[in-house]
Each structure stands twice: as structure tokens, then as C-alpha cells.
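There are 2 protein chains.
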Amino acid sequence: MPQFRVVTDPDDPAVAPFRAIKERDLVGREGLFIAEGETVLRAFVRDAPQRVVSLLIDPKRRDKLSEVFAGLPDETPVYLADQAVLDAIAGFHLHRGVLAVGRKPEPVGARDLLADLPARAVVLVLCGIANHDNIGGIYRNAAAFGADAVVLDADCCDPLYRKAIRVSVGAVLSVPTARLERGADIADLLAATGFEGLALSPSAPEILAHLKPAPRTAVLLGAEGPGLTPEVMARARTIGIPMANGFDSLNVATTSGIVLHHLRFAHG
Amino acid sequence: MPQFRVVTDPDDPAVAPFRAIKERDLVGREGLFIAEGETVLRAFVRDAPQRVVSLLIDPKRRDKLSEVFAGLPDETPVYLADQAVLDAIAGFHLHRGVLAVGRKPEPVGARDLLADLPARAVVLVLCGIANHDNIGGIYRNAAAFGADAVVLDADCCDPLYRKAIRVSVGAVLSVPTARLERGADIADLLAATGFEGLALSPSAPEILAHLKPAPRTAVLLGAEGPGLTPEVMARARTIGIPMANGFDSLNVATTSGIVLHHLRFAHG
Numbered sequence: 001m002p003q004f005r006v007v008t009d010p011d012d013p014a015v016a017p018f019r020a021i022k023e024r025d026l027v028g029r030e031g032l033f034i035a036e037g038e039t040v041l042r043a044f045v046r047d048a049p050q051r052v053v054s055l056l057i058d059p060k061r062r063d064k065l066s067e068v069f070a071g072l073p074d075e076t077p078v079y080l081a082d083q084a085v086l087d088a089i090a091g092f093h094l095h096r097g098v099l100a101v102g103r104k105p106e107p108v109g110a111r112d113l114l115a116d117l118p119a120r121a122v123v124l125v126l127c128g129i130a131n132h133d134n135i136g137g138i139y140r141n142a143a144a145f146g147a148d149a150v151v152l153d154a155d156c157c158d159p160l161y162r163k164a165i166r167v168s169v170g171a172v173l174s175v176p177t178a179r180l181e182r183g184a185d186i187a188d189l190l191a192a193t194g195f196e197g198l199a200l201s202p203s204a205p206e207i208l209a210h211l212k213p214a215p216r217t218a219v220l221l222g223a224e225g226p227g228l229t230p231e232v233m234a235r236a237r238t239i240g241i242p243m244a245n246g247f248d249s250l251n252v253a254t255t256s257g258i259v260l261h262h263l264r265f266a267h268g
Numbered sequence: 001m002p003q004f005r006v007v008t009d010p011d012d013p014a015v016a017p018f019r020a021i022k023e024r025d026l027v028g029r030e031g032l033f034i035a036e037g038e039t040v041l042r043a044f045v046r047d048a049p050q051r052v053v054s055l056l057i058d059p060k061r062r063d064k065l066s067e068v069f070a071g072l073p074d075e076t077p078v079y080l081a082d083q084a085v086l087d088a089i090a091g092f093h094l095h096r097g098v099l100a101v102g103r104k105p106e107p108v109g110a111r112d113l114l115a116d117l118p119a120r121a122v123v124l125v126l127c128g129i130a131n132h133d134n135i136g137g138i139y140r141n142a143a144a145f146g147a148d149a150v151v152l153d154a155d156c157c158d159p160l161y162r163k164a165i166r167v168s169v170g171a172v173l174s175v176p177t178a179r180l181e182r183g184a185d186i187a188d189l190l191a192a193t194g195f196e197g198l199a200l201s202p203s204a205p206e207i208l209a210h211l212k213p214a215p216r217t218a219v220l221l222g223a224e225g226p227g228l229t230p231e232v233m234a235r236a237r238t239i240g241i242p243m244a245n246g247f248d249s250l251n252v253a254t255t256s257g258i259v260l261h262h263l264r265f266a267h268g
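Read top to bottom, the protein sequences are chains B and A.
Take the first sequence: its position 55, counting from 1, is numbered 55 in the UniProt record's numbering, and each next residue is one higher.
Take the second sequence: its position 164, counting from 1, is numbered 164 in the UniProt record's numbering, and each next residue is one higher.
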């Protein structure tokens with residue numbers, strides 16, 4: 001069972017990692033992250049209990065979370081603080097009433113991660129996705145459709161940022177992820193690990209709905225606006241999603257959902 | 001050509017509809033709405049120029065908008081105001097530098113709207129979608145995949161709210177829309193107009209990827225959490241999107257994209 005402890009002083013050193021959340025979102029937390037809300041906490045404890053460092057909750061929520069507590073490693077501290085104390089610790093009104101501090105996983109090399117996947121696998125490679133809603137939405141779809149991994153380039157934002165975790169409904173805590181170094185050659189990486197890169201392009205003659213994917217497929221997704229670089233496009237299989245007159249773009253998270261849905265059922 | 005006029009006084013009565021935008025977002029504008037940003041303005045003038053009441057722009061943007069001005073009805077007022085004056089009018093820092101006031105379309109009855117569509121048609125019926133990001137995202141997908149209309153129940157939020165317009169990339173300005181009165185019977189409406197209602201349900205044995213849709217198909221989408229009412233579900237054809245272990249939900253806008261993509265190509 002976890003160790004419950006009531007906190008009444010917002011300056012209690014035990015809850016230091018929960019203090020001034022928004023300010024510290026900006027500077028980072030050296031290997032730790034903050035997750036918030038009951039839905040995310042359930043996913044976190046189900047998928048990665050060993051990475052839960054501590055919880056801070058409103059005691060009013062305690063009864064609804066008994067299943068969560070049962071999933072925590074022994075001795076995990078659970079701090080209980082009334083709403084006013086919670087708000088004073090966090091530095092804003094915390095209407096969700098549930099916070100967790102987690103430990104980020106050790107970095108994994110993209111090449112090792114991809115090489116070790118099964119012979120049939122689908123991964124996402126994200127290039128310059130700098131919006132936390134979009135990255136959260138993409139991970140949510142990755143988890144929903146069982147993508148095997150996500151590879152981030154150096155320009156992607158941190159999926160373990162509070163808002164991205166929330167939008168992903170906790171999926172960023174479980175989908176295996178590797179981050180590339182700046183300048184890493186994505187096409188070389190995919191070739192070396194036997195993945196065919198798929199890139200969405202409005203002008204591609206081959207359309208997604210008819211695509212028969214390779215056993216190992218990597219879906220390349222770029223930021224809205226700039227999209228993928230010409231170098232990456234040139235070495236990928238380009239696929240189109242035809243659209244109605246006057247419209248030529250989809251949100252990148254929605255695109256990930258459409259492509260992953262197709263791959264999941266075309267693979268079957 | 002439009003009528004250009006420089007505004008230097010934030011209290012100039014000519015720009016009254018642009019004043020205190022955020023406060024007036026909350027109370028409504030009696031048949032008018034505000035759209036912001038260059039991308040949305042382009043879509044607005046392309047799709048519904050007769051509904052543009054006036055524009056307010058930073059003169060620095062004038063050169064980039066010549067194509068937009070050419071599409072405006074003669075005599076449409078275009079007010080030019082420097083950034084500081086713009087900010088004082090709007091009541092916040094308007095980094096997009098482009099605003100439009102538009103006139104909402106006359107309300108259309110859902111029954112007339114649906115009855116008048118072609119023999120092959122796809123519409124969306126939204127139930128209780130109260131989040132502006134989601135409603136904007138759904139309209140964006142509706143436009144991208146050429147959905148013929150959107151029907152909103154009484155609990156949906158206003159798609160002509162500033163943020164929904166922006167997220168939709170202007171699609172809410174062009175997709176034909178009707179709003180139901182509270183208590184309207186959706187299943188009756190669909191039966192009377194020859195539409196088959198499709199409802200997503202995790203437990204449905206028929207899966208989306210294998211669906212052959214009826215000529216006239218209405219996709220029913222409910223809010224995350226509560227979903228569709230049992231009455232609506234009971235009279236719809238239920239369809240599943242199977243997901244990976246431990247995950248049982250997609251964002252509603254993403255769902256609309258996946259379903260519309262399938263229908264567009266299954267219809268072909």
C-alpha cells in the first residue's frame with residue numbers, strides 16, 4: 001500500500017516537486033514530469049506504476065481512487081491536501097484535484113528501438129510537431145490503434161509536458177518513444193531498420209484508401225505549414241488523401257488517426 | 001473595390017462591432033460574428049463574400065490581402081488601424097492583425113436541408129458537442145471530405161464562435177448547417193428524410209473498415225463522456241472502431257475524420 005500523509009503547510013518540503021507548476025513547466029524538471037487528473041493518473045498507474053514518484057490529491061477524491069492506490073508500488077507517498085492548500089502549492093486553481101510526479105524513462109536510441117520491433121510493425125516519425133495539443137492527439141491515436149513506437153525529431157515539443165499528457169489521455173506515458181538528435185538522417189534510419197517511410201502529399205498519385213503497406217511501415221508526419229523537408233519526402237513513399245474542392249489540409253493529429261486506422265485494418 | 005478608411009481613434013463608432021471582443025464573445029452579437037486571421041479571412045471571402053460586413057486590418061497586411069479585397073463586394077468597408085489602435089479596439093493584443101465582422105446565415109430547418117440534398121449524401125449530426133476545438137475540428141473534416149451538411153442539436157456550442165471558426169480553418173462559414181430545437185427527435189428526422197443513422201459504439205459487431213454505407217448516411221457524433229443517448233443509439237446502425245488493448249476512446253473530431261474518410265472512399 002502507498003504511504004498516506006496529510007499536508008497542511010504549502011511550504012512543506014515533501015511537496016516541493018508540485019510547487020509553482022506553471023513556472024516550472026517552462027524551465028523543465030530534470031527527469032521528472034507532472035501529470036494531472038484522474039483519467040491520466042489511472043492510465044499512468046496501469047501502464048507505468050514503477051515511474052510514479054508521488055501523488056498529491058484532494059482527500060475528497062480518495063475514495064474514488066482506491067483501485068489506483070492498489071496499483072502503486074509499496075511505500076509510494078500519497079500526499080493529501082485540501083483544495084486551498086493544493087491551490088497554494090500548485091500556484092493556480094487545481095480543479096482536477098489530482099496530481100502526480102513521474103520519472104521520465106531513460107532515453108532509448110531510435111535505431112535500437114526500431115530494430116527490436118516485430119517483423120510487422122507500424123511506427124510514427126514526427127518532424128517538428130511543436131504544438132502540445134497535436135502531439136497529445138497523435139499519441140492518443142497511436143495508443144488507440146496500437147502503433148509500436150513514436151520517433152520524435154529534435155524540433156518536436158516534449159510529449160511529457162502536462163497539457164500533452166492530458167490531451168493524450170495518458171498515452172504518452174506508455175507508447176515507446178525515442179528522440180533523434182538534431183541533423184539525424186531519418187531516411188537512413190528507416191532504411192537501416194527495414195521500415196518503409198510513408199509521407200502524405202496532396203499531389204501523390206497513390207491514395208491512402210488503396211494502400212497496401214509494407215510489413216514495417218513508418219508514417220512520417222510534419223508540422224502544418226512547413227510539412228516535411230524535401231529530403232525526407234524524396235526518400236519516402238508518398239500517399240495522398242484526396243479532399244473536396246477548395247480544401248487541402250487536415251489537422252496533423254486527425255491525419256495520424258486516419259492513417260493509423262487504415263494501416264491497422266489493411267494489415268489484418 | 002472595397003472602401004478603405006484609416007481609423008486612428010479606438011472609439012470611432014465605425015469600428016464599434018470590433019470593440020471589446022472577448023467580453024462580447026460571451027454575450028453574443030445578434031446575428032453577427034467575428035472571424036480572425038488571414039487564413040480564415042481568405043476562406044470567408046472565397047466561400048461567402050456576401051456575408052462579410054466589414055474588415056479591420058493592420059495596414060502592414062494590406063499588400064498580402066489584395067486577392068481578398070478583389071473578392072469583396074463593392075463598398076465593403078475595410079478599416080485600417082495600426083497595431084496599437086487595433087489592440088485598443090479589440091481589447092487584447094491582436095497578433096493576427098486581421099479581423100472581419102460577418103453576418104450569420106438565416107436559420108434553415110433541418111428537415112428541409114436534409115430533404116433537399118442529393119440522393120447520395122453524407123451528413124454529420126452532432127449531439128452535445130460543447131467544446132469549440134472539437135466543433136471546429138469536426139467542421140474542418142466535414143469540409144475536407146465534402147460532407148453535405150451538419151445538423152446540430154440544441155446542446156452543441158456555436159460553430160460561429162471565434163475559436164471554432166479558427167480551428168475549422170473557416171469551414172464553419174461554408175458547410176450548410178441546421179440547428180435542431182430542444183427535444184427534436186433525431187431518429188424521426190432521419191427516417192423522414194431517408195437517411196440511415198450511423199452511431200459509433202465500442203461493442204458493435206460491425207466494424208467501420210468493412211462498412212458499406214447506405215446512399216444517404218448520417219453520422220451521429222456525441223460528446224466524449226456521455227456519448228449519444230440510448231434512444232438515439234437504439235434507432236441507429238451501430239459501428240465499431242476496434243482499438244488496441246487498454247484504450248477505448250478517440251477524440252470526437254478525430255473520429256469524424258476517420259469515418260468521413262472511410263465513407264468518402266467506400267461511397268466511390
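Do not rely on the hints blindly, as some may be mistaken.
[Stated by the list, open to error] The following label-pair restraints were derived from C-beta to C-beta distances:
hint, chain 1, residue 1, chain 2, residue 2, range
1, B, Q3, A, P202, 18 to 24 Å
2, A, A119, B, E106, 57 to 63 Å
3, A, A119, B, N245, 34 to 40 Å
4, A, A84, B, P59, 46 to 52 Å
Everything labelled a hint here was simulated from the structure, so no lab data went into it.
Note that the Cβ used here is the ideal one computed from N, Cα and C, for glycine as well.
Each hint, compared with the structure:
1. Q3(B) / P202(A): 18 to 24 Å: Given about 37 Å between the Cβ atoms, the range is violated.
2. A119(A) / E106(B): 57 to 63 Å: At roughly 59 Å between Cβ atoms, E106(B) and A119(A) fall inside 57 to 63 Å, so the hint holds.
3. A119(A) / N245(B): 34 to 40 Å: violated (20 Å)
4. A84(A) / P59(B): 46 to 52 Å: holds (50 Å)
Comparing the model with each numbered hint stated earlier shows that hints 1 and 3 do not hold.
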